[in-house]
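Trainee: Line by line, the protein sequences give chains A and B.
Numbering-wise, the first sequence is residues 1 to 142 according to our numbering.
Numbering-wise, the second sequence is residues 1 to 308 according to our numbering.
Hint data in this document are derived by calculation from the structure and do not stem from the laboratory.
A couple of the hints might just be wrong.
A few chain B residues facing chain A, derived, Cβ under 7 Å [claimed, not checked]:
id, residue
1, Trp-36
2, Arg-37
3, Val-38
4, Pro-40
5, Gln-44
6, Asp-48
7, Val-50
8, Lys-51
9, Lys-55
10, Glu-56
11, Val-58
12, Glu-207
13, Met-211
14, Gly-220
Since we're looking at a predicted model, the values are computed, not measured.
Glycine residues also receive a C-beta, built at the ideal position from the N, C-alpha and C atoms.
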Amino acid sequence: MGFKLNALTRSLWVYHLSTGSCNNCDIEILDCLTPRYDLERFGITLVGSPKHADVLLVTGNMTLKNIPRVQKVYESMAKPGVVIAIGTCALGHGIFKGSYTCPQCVDEVLPVNLYIPGCPPKPEAIMAGVVKLVKHLREKKT
Amino acid sequence: MDALFSYLVFPGFLFTAGIGCIASWLDRKVTARVQWRVGPPFFQPVFDLVKLMVKETVIPRGCAKGVFLGAPLFGLATVTLVSTLIWKILLDAETAFAGDLIVILYLLMIPGLSVIVGGFSSRNPIASLGASREMKLMLADELPFILAASVPIIQAKGSISLGFILGYQETYGMILGTWSGALAFIAAILAMQAKLALVPFDMAEAETEIMGGVMVEYSGPPLAVFKLTRIMMLFTLPMLLVALFMGGVRFDGLGALWSVLKYILLLVLVILIRNTNPRLRIDQAMRFLWGPVTWIAVLAVVVAILGH
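Start from the sequences, fold in the hints, and give me the full structure.
Mentor: As structure tokens, this is what we get:
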């Protein structure tokens, strides 16, 4: 089990899903892969299909139209997988609170494992969050 | 028993997969260094494969289950067989048989074929698009590759045996040293890039464009098998070129180092081509492979027939 979990946490493939964000969080996520931060050091890569992914990164304030689609993407993700909500909008709508277009937060639709606040969160914050998640996963299962 | 051992362990599966993982790591590491990054740790390909093996397999509703799951295994079995054949001949030229080069070239088509079958059977429009691109690419790269591979055959007095070609190079020097050999080598490298589905020719699984293309519906172990096939191709195809054009491998003293260097040279060349080129459209790729590359290969064949 230890070896499997080791492999799981050392090769996180990320599928990045924007549910109506302003693209600022998405740019910060892509920043994590640039030479300055280089998340590939830890085996983290972006993949094109949710079926390949271990991590579902959700940004944006989950508009009404997006809810069934997000659920579909989550269901088609191969398990075991985790969900990370990034940005103030995904966590609690931010300045869009009370808007008729976004009645639900991300964690009311999906089982979120990690929240990373910020508008947008810095790449350092995202990386610190991922490190905490990996530590948590390792401690929980072994 | 002996055949099973050589298929599964030494020149076959385990050996090829092991070296292939190192080659894949080298690929990612050099890519990272070119992009001024640090790059993944040494065991990254192993972690990726193990992780995929323990994940869930999602089978799309209504797809042909047997074909969907069988296609990756088919490709893996074939690439293992090719690698075993090439290494058996490289290590001991006695095991060569008449026409083994034809068998190798024929079997090298099957991993591509398995990708096409898998893509079409997964019942996804994006995968079908990727599979049709892969099919066109296969049509495009087969012609220059076979023309280039026929240059060593012509030079070795018409013998279609890899063992004989190796023996010929032992006595007369490597085929790369001749004019026709050098030309054919250039064509073969470009066709190899297309066969490996690396960047200028990776339109079949363009991640930013069609989301993984042929692989889009695969997850878990079948995806791991596809990745492993790719990884093993990264070792097998350059080794075939080493055998055809660069005089094979030797394991006595400095010869071993030289043999490893030949492979690494080819691998780094492939990686640099991959890193310095944008992705072509499928029509551009076909025009390129059937145009300039095929003409280079034809020229090489003509020069080889003239005897240079």
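Trainee: For every hint, state whether the structure bears it out.
Mentor: Hint check results:
no., hint, verdict
1, Trp-36, "4 Å, holds"
2, Arg-37, "4 Å, holds"
3, Val-38, "5 Å, holds"
4, Pro-40, "5 Å, holds"
5, Gln-44, "5 Å, holds"
6, Asp-48, "5 Å, holds"
7, Val-50, "4 Å, holds"
8, Lys-51, "4 Å, holds"
9, Lys-55, "5 Å, holds"
10, Glu-56, "5 Å, holds"
11, Val-58, "5 Å, holds"
12, Glu-207, "4 Å, holds"
13, Met-211, "4 Å, holds"
14, Gly-220, "5 Å, holds"
Of the numbered hints listed earlier, not one is contradicted by the structure.
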